[in-house]
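Input sequences plus hints: build the corresponding full structure.
Protein chains in written order, with my numbering: chain A, 94 to 424; chain B, 94 to 424; chain C, 208 to 534; chain D, 208 to 534.
None of these hints come from the bench; they were simulated from the model.
All residues carry an ideal CB built from backbone N, CA and C; glycine is no exception.
Check each hint, because a few of them may be wrong.
[Claimed, not checked] Derived Cβ-Cβ restraints for the label pairs, each shown as a range: (1) Thr412(C) - Leu233(A): 49 to 57 Å; (2) Ala401(B) - Gln523(C): 30 to 38 Å; (3) Ala369(B) - Gly259(C): 36 to 44 Å; (4) Asp392(C) - Ala432(D): 24 to 32 Å; (5) Val407(C) - Ala534(D): 29 to 37 Å; (6) Glu489(D) - Asp261(C): 54 to 62 Å; (7) Gly284(D) - Val407(C): 35 to 43 Å; (8) Gly378(B) - Gly259(D): 33 to 41 Å.
[What the hints assert, rightly or not] When the alpha-carbon atoms are kept at most 30 Å apart in a straight line, the in silico DSS-like pairs for lysine-lysine are as follows: (9) Lys464(C) - Lys530(C); (10) Lys464(C) - Lys462(D); (11) Lys285(B) - Lys235(B); (12) Lys235(B) - Lys319(B); (13) Lys531(C) - Lys464(D); (14) Lys412(A) - Lys180(A); (15) Lys404(C) - Lys464(C); (16) Lys329(B) - Lys319(B); (17) Lys249(D) - Lys285(A); (18) Lys285(A) - Lys265(B); (19) Lys285(B) - Lys329(B); (20) Lys133(A) - Lys412(A); (21) Lys329(A) - Lys358(A); (22) Lys464(D) - Lys133(A); (23) Lys285(B) - Lys329(A); (24) Lys530(C) - Lys530(D); (25) Lys464(D) - Lys464(C); (26) Lys531(D) - Lys464(C); (27) Lys412(A) - Lys531(D); (28) Lys464(C) - Lys249(D); (29) Lys133(B) - Lys180(B).
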Amino acid sequence: MTNDNNQAQPSGSSLIAIYERAARIRKNDEAFHGAMQSGKLGIRIYYSPRGQEIIPSALCDHLTDADYLVTIYRGVHDQIAKGIPLKALWAEYAGRVTGTCKGKGGPMHVTHPASGNMVTTGIVGGSLPIANGLALASQLDKDQRVTVACFGDGASNIGAFHESLNMASLWKLPVIFLCQNNLIAEHTRFEKGTAVARVADRAAAYNMHGIHVNGNDPKAMWVAAKEAVDRARSGKGPTLIEAMTFRFMGHLIGDPDEHWREGEKEAALERDPVPALRAMLISEGHATEDELIALERNLDEEIEEAMAFAAESPKPDPKELNLDVLAGGAS
Amino acid sequence: MTNDNNQAQPSGSSLIAIYERAARIRKNDEAFHGAMQSGKLGIRIYYSPRGQEIIPSALCDHLTDADYLVTIYRGVHDQIAKGIPLKALWAEYAGRVTGTCKGKGGPMHVTHPASGNMVTTGIVGGSLPIANGLALASQLDKDQRVTVACFGDGASNIGAFHESLNMASLWKLPVIFLCQNNLIAEHTRFEKGTAVARVADRAAAYNMHGIHVNGNDPKAMWVAAKEAVDRARSGKGPTLIEAMTFRFMGHLIGDPDEHWREGEKEAALERDPVPALRAMLISEGHATEDELIALERNLDEEIEEAMAFAAESPKPDPKELNLDVLAGGAS
Amino acid sequence: MGEQVNFVQAINQAMHDAMADDSSVLLLGEDVADEEGGGVVKVTAGLSGAFGTDRVRSTPITEEAIIGAALGAALVGKRPIAEIMLMNFLTVGMDQIVNHAAKLRFMSGGQTHVPMTIRTMTGAGGGAGGQHTDMLEAWFAHVAGIKVVAPSTPADAYGLLRSCIEDDDPCLFIENMPTYWTNGDAPVAGTRVPLGKASVVSEGTDVTIISYARTMIEAGSAVKALSESGISAELIDLRTIAPFDLETILTSVRKTKRALVVHEAVTPFGVGAEIAARVSEELFHTLAAPVQRVGSTFNAVPYAQSLEEAHLPSIQQIVDSAKKTLA
Amino acid sequence: MGEQVNFVQAINQAMHDAMADDSSVLLLGEDVADEEGGGVVKVTAGLSGAFGTDRVRSTPITEEAIIGAALGAALVGKRPIAEIMLMNFLTVGMDQIVNHAAKLRFMSGGQTHVPMTIRTMTGAGGGAGGQHTDMLEAWFAHVAGIKVVAPSTPADAYGLLRSCIEDDDPCLFIENMPTYWTNGDAPVAGTRVPLGKASVVSEGTDVTIISYARTMIEAGSAVKALSESGISAELIDLRTIAPFDLETILTSVRKTKRALVVHEAVTPFGVGAEIAARVSEELFHTLAAPVQRVGSTFNAVPYAQSLEEAHLPSIQQIVDSAKKTLA
Ligand SMILES: Cc1ncc(C[n+]2csc(CCOP(=O)(O)OP(=O)(O)O)c2C)c(N)n1
Ligand SMILES: Cc1ncc(C[n+]2csc(CCOP(=O)(O)OP(=O)(O)O)c2C)c(N)n1
Ligand SMILES: [Mg+2]
Ligand SMILES: [Mg+2]
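Shown next as structure tokens:
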């Protein structure tokens, strides 16, 4: 299924908000790459979300801090769009005690309940069953929260996907299964691992509403996310969104990223979504060049401060090993 | 998808062969019930297949001993249709060393490679991943064998179903996923556990051929099985068959079988498939009453002999505990 | 002898009382609601009637989704009980238990935690064969961040389950199916049995027998048999397997100078190995004999009764092993 | 010093030679074929080129289906190698491994068996955090019907993997990722290292140190450090964890009268518990000091380097524990 065009479209201010989130993600990604090259902060592992910035940036226009997000190792774009503070994020990547998780979780397990970042998992498929549980709590408490589970195209083949969608549909849970389809799973191309042409078509196997959308188109993604969020909030149950996108920087830092076929990457990069949105904002008159430059300068400062905060922060003391294992650890 | 009616129909002799298998299953079931009531053979657990006799009886008209079957705890109908010798089967149920598995496996793990009964599992969903492996070996060896994985409607919701169908479709494996939909999973009604109206419709999620058929109609089931077997043998890949049926005797012996709604069971029993096929054979002139009585008398004798064989057989010696754990156990 | 109840009644009452006391307690599992029979052996009978099918939900046969749903709800204030029908089916949900439930408190630096109880039943003796009755508690004891509990009396089942439900960390609560209908003293409603505390079931001076769950029955019979041959055995019920009550064990063995660990799980790499290793280390100069272990033979659980009985630990094996420490 | 190769090369060569020698050897796993990069760290590079993508198949991310496919093919004459990228992902396939692969020989009364090898990598030290580097070998050692193998040198990796592939039962072959690119003597092509046989890496008279896999490095350094303080330690590499070579261990400890077990896995309920329990039982009257154990601290693997280093067993801890047996 695709979107119904009579639906509301994003306002200029929404588009600017989407751009601000996407630009923050992109600039943060550049800063992480820089920090890893220089090596000075001691960031040990990083899964770049470059190419996928628009998806959560548009989604989060419909969410508040009260809504729940469960994401994956490749989830820093989701976390930032959801509003995680960059200082604590950088400190976590740098393995500092001031990090979101005191440096214990690291990039694959960033957690920040205050912004609704409930769980980040390194296990393919691991995000979906947990999302159902968060949504079940909201359903019982009638608190109107929406839970979003992010995962990749490769994850749509694992058992947890199937079990979770079946349960969510049976119970009409207020959850959104957001498959960010970048057409690649580590080094395996989409069609080599997934027996169906469109992940969204799998929704029918659960009598669930499914949406296939270009996740890099901010307007289409905003509309798709709105439909799914409205359905969840109004008790209409879960939605499977397949948001088409790209993975520009390989599976993780250090990956040669060799899966692209001749010309594919160049073509994709021409459609790099963040500059495209920036150009749209100007061409459609939502923002001026000067306004965007100011916005971007603020982001640069925000990231500078986050880096500095992480650099100055202390490393966790080994006694932390005994804390947070079970309750009662004095922590 | 339903069957295409231009397909070949079962001959009279095929229908008689189907009836012989189904009658053997049914008479064997009655004998197992009798033995468990009397308690004399020491059968410790039994999952009756009553109501589901026709499905494997029609399927096996298209299979030989060389083809592989993987079934479940509720699988004695599949095993008998596939040609397992009743003596060794009874001895296994009775926990005798002359049993198919020396009494080590028991009812939930009956195995008899000579008749193609490769694995019987007690784990819901456990049969499907293994079936893919058997089919993979056949595909590599180009030996034209077909593998059938039996499972229930409840099993169509577990992760192993999803992973297995996706892999089988990607690799075009010569495998048939045979869902015996008796509309009940232990004590949970189909619609309460399965978010889709027809399990067969899930085939589309894997770009797989799916067939929804009345498994208790010997002609329709024969046609559906033929289509799937022909596809597998000719390299066209896997098929998901959803064969609709009933579970007449509860989940296992001792189960009060309370899930039926008002009048449901009576209506179902009126369509008890084995007597229905018997009547059809006579009304359509494929067999006479006398011929069927003779056939049934032979079955009674066969079962009598199997019971006697089990009763006379010795119990396994405790030293068997150390055998068959790893290779080199002198066995 | 006061009022008697069996395990099914005690466990049902514990869940009932916990749900009555705390609206955040939920129950998820296959067939748990009354419309589905109130559990395959009726352990959850009446709970959906009393608390509604919102809080007492029958699930599809999807262990990973069941545990994940309980885990997710636990992250935001619920105290879910996830019933996994049989312990062998935990293998289907191991990722959610081990990689997620047990680790989220640590990996989040204490920002989140998982007050979830997984109830599961198991135990050989009924002829269910190789895939339905394994004792896998040692796996979970080897994982940081999850507690493992196994009662041997209805009253402990009640009190330990209440404590698990109220515990702020994931707990695995192991129920023994073959003894489900065995009677014992009724629990006093509301009683909690603390986690991590063993109980000295009978005092003795010659040898300490440490066990838990189903084999407490065989161990108890062995204690009687030993006393008839003039040997005074002290019997300890571990009750909580992880973290286990080392202090109570050491106090006893300091007195008896001899120890024997008994469990239904297969011996190699089982819970008995850790206890034997700790006792042998801590009381090296006190022990008068090597610590003995009795467990099931190292093979899959066989179907034939003749084999299943030989596979399981026997009273005689326990008696002989105890005597070995005194030889 | 002769030709040197690293683990990646040795393991790749073992699979290459096995596939060349026996057309029934298959390889299934995520990204294993060259079109998918020949493995995430290139361990399987070139194999699909040499033997074709029928025999060397990249799979979807579905561990249960991968193991099941290998299992099923193994039932009918194939000798599949299933690569499960990281050990923590075995949690997704536990049902197929434990309830099926390990038990089918027994449950079928010997009619079928499962000559399958599961290769998996793991090991902390790289900052991957809590879900990517666990050492779970004790779980599988506790299951009858499956062998558990963990090499500590490239040559042993080659010879043990060849033996696993040719073994008629399921084998779990554990590879250590952080030391993948460490060099060692090149294996002699075709060599088999027998399963179930430990190797005495260095002889000594004062204390026996038993280890395996990655911590053989720390243990080796500890042996050197100890010798500098005049302590002669004998170092045993278990190589096969289950079934383990008790005889070689006992022979050594009879001589040294002291034992220390070292592994990367967390200490409680780990492999060290079984070894300590067995040694303490068998050599009760010989041991001059309690058996010591050194493992990782009991928590999830932390991300921060300062924590990850403190979590893992250190050379100093091994030295101190060895000295403790001599105090
Ligand atoms: C259960 C499991 N199997 C394998 C892996 C190793 N792994 C990590 S990411 C990944 C690819 C996932 O691809 P996809 O779902 O498309 O997400 P993407 O990385 O493209 O965002 C794999 C195989 C894992 N983390 N968990
Ligand atoms: C993984 C797993 N979970 C739960 C069970 C317990 N169990 C055994 S049979 C069954 C119901 C299966 O229903 P269905 O798949 O429809 O097969 P049927 O029994 O109706 O033939 C359940 C829940 C199991 N054996 N395995
Ligand atoms: Mg992807
Ligand atoms: Mg059913």
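Structure-inconsistent hints, enumerated in ascending order: Failing hints, ascending: 4, 7, 8, 11, 19, 21, 22, 24, 28.
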